[in-house]
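A.B. asks: Spelled out from the first residue to the last, the chains are:
There are 2 protein chains.
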Amino acid sequence: MKIIVDAMGGDNAPLEIIKGCAEAQTEFELDIILVGNEDIVKKSAQENGIDISKMQLVNTTEVIATDDDPQSVLKTKPDSSMAVALKMLADGDGDAFVSAGNSGALCVGGTLIVKRIKGVKRPGFAPILPHFNGGCFMLVDAGANLESRPEMLLQYAIMGSAYMEKVMGIENPRVGLANVGSEEHKGLELQHKAFELLKNSGLNFVGNVESRDLPYGACDVLVCDGFTGNMILKTYEGVAKALMSKVKELFSKNTKNKVAAALVMSDLKAMAKEFDYNEYGGAPIMGTAKPVFKAHGSAKAKTFKNALRLTKDYVDANVIEEIAKAVK
Amino acid sequence: MKIIVDAMGGDNAPLEIIKGCAEAQTEFELDIILVGNEDIVKKSAQENGIDISKMQLVNTTEVIATDDDPQSVLKTKPDSSMAVALKMLADGDGDAFVSAGNSGALCVGGTLIVKRIKGVKRPGFAPILPHFNGGCFMLVDAGANLESRPEMLLQYAIMGSAYMEKVMGIENPRVGLANVGSEEHKGLELQHKAFELLKNSGLNFVGNVESRDLPYGACDVLVCDGFTGNMILKTYEGVAKALMSKVKELFSKNTKNKVAAALVMSDLKAMAKEFDYNEYGGAPIMGTAKPVFKAHGSAKAKTFKNALRLTKDYVDANVIEEIAKAVK
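Listed in order, the protein sequences are those of chains P and W. For the first sequence, this note's numbering gives the first residue as 6, with consecutive numbering after it. For the second sequence, this note's numbering gives the first residue as 6, with consecutive numbering after it.
No copy is singled out in the list; a pair is fine if it fits within one copy or between any two copies.
Below 20 Å or equal to it, Euclidean Cα-Cα: the simulated SDA-like pairs (lysine to any residue) are:
#1 K246 with L273
#2 K251 with D218
#3 K191 with N205
#4 K246 with G186
#5 K7 with D321
#6 K191 with D72
#7 K246 with C141
#8 K204 with E188
#9 K253 with M270
#10 K246 with A275
#11 K204 with R179
#12 K191 with T71
#13 K253 with A277
These are calculated hints, taken from the structure and not from any lab test. Every value quoted in this text rests on a predicted model; they were computed, and no experiment measured them.
Starting from the given sequences, assemble the full structure and let the hints guide the process.
C.D. replies: Below is the structure:
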């Protein structure tokens, strides 16, 4: 399997990216194509003793920054690592593409360069978030399309279910509709219509889900419009991160607390790991004609390796074929 | 000052409500009118040794349950404690009304029985949430009106600023607009138009705020439509609650962990208190012609007492007069 990698995307590129690639290459037997500035990538590999001799390296001159306009992937930066890599994927030079770079640009480029699966109205950005009991759920759409139509929510549910079943191994995934209350009549026109579509979809629809129930594993796939999803994603991540750092701070406050920390260290670490969205590697862009996977922007080598593993599973599981059959 | 109290509203009514009232009556020198089923209230007071002899008691026969339709306050339950109390407030029988009951019904009843401040388009449900650094912020609207127009968001900002300054003592409160990114062009038409209005409002507008920055004190008043606000509120509370209960679980897991817990107990309690939205007592319904205050549904006596204190401050600070001047 050949995976194309954006060597320049993310806060820790290229070092942590190529480090993750080197580990994944051996462990998962992948062919990796690094796309990025040849000089910078080679120098980083050399200085850090990372063997990239078995990876193909495609030279590009530009980089899409985190705060660049998403449209830059199409317009102003045609020789960016992301734009070139997406074209290579579209042209059949690899089986999948992974980037830790600009999410917006990846959604735009995935949709318009790699193109959509036939029948899919709009691809959705679909991060995997941890439940607080060891599991995880997919949130789709988390911001690829701020406004959504009911049919799009139905497709998000179909695509999310296929992914969670085939890649994450969850049998008969429970689909929830993000809403302000659990009763059927809650919400606005979008929720009313989407509820009807989901109820009659043949999916394992569990009804409206209030976001306060998400940490307790209320569903395996949560669907909503991109504006709402983005709010849920960032609140979920933000509160968890702020609280965990508070706990950390508490334990390093003084000697007494440090003693306590030593006693519970292994349990604390296990808990932190459970909540750590980095463990889940990232977010597929659901609905593109070939697998496009977003690794977390702050990904270090281990997280990026995880992302490569998930991408491999994404290809192996034929999720895209499954979706194509379901939406046509 | 005369405060009307819904003796039947909330998960712990009437016991914790009347207990909170008894404490507040002495501490804050309030006249309290309890509205609820006379027999039940009297029996609860007697059995628990709570002195309600100096409170007025108004008998009602019905109760609005948490899962009742919000419209029930107007239509099917005219003799409910909430409906009767709201009519009393509208008729001038008291200076403010506090209930731990059904939020939706309180918003509907507040708007249509107590009525709006002249010039206010729609009242907003405005919970106070903790920052994770000891402060707090107001989120408005958290669900009174699922759909909002830009002018409504401007009014939420005006009302929220007045409240946070006058009642919570925050000088020149920073107003943020909930959005998917910090740049001015982010979001949909509602956000674009609201941004313009807020920029030119004379308020201390700090621009778009991403929900991941809320725990770090990004603003003092966050404005958004009611659907978005409800998602943020429930995700914020849900994740914090789930994580804190995980920490608690960890510390009672075994003897070793219990020893550690004893060492950090006082710090842990202080942290839990910082995150505890119960500490902030609840949420005013901003924009009603007289103060209507929602105490947390799970309020115990201490939280309800806090709610009464905040309601007293709400009346004392003449916030409603301030708003009336600003919106006319």
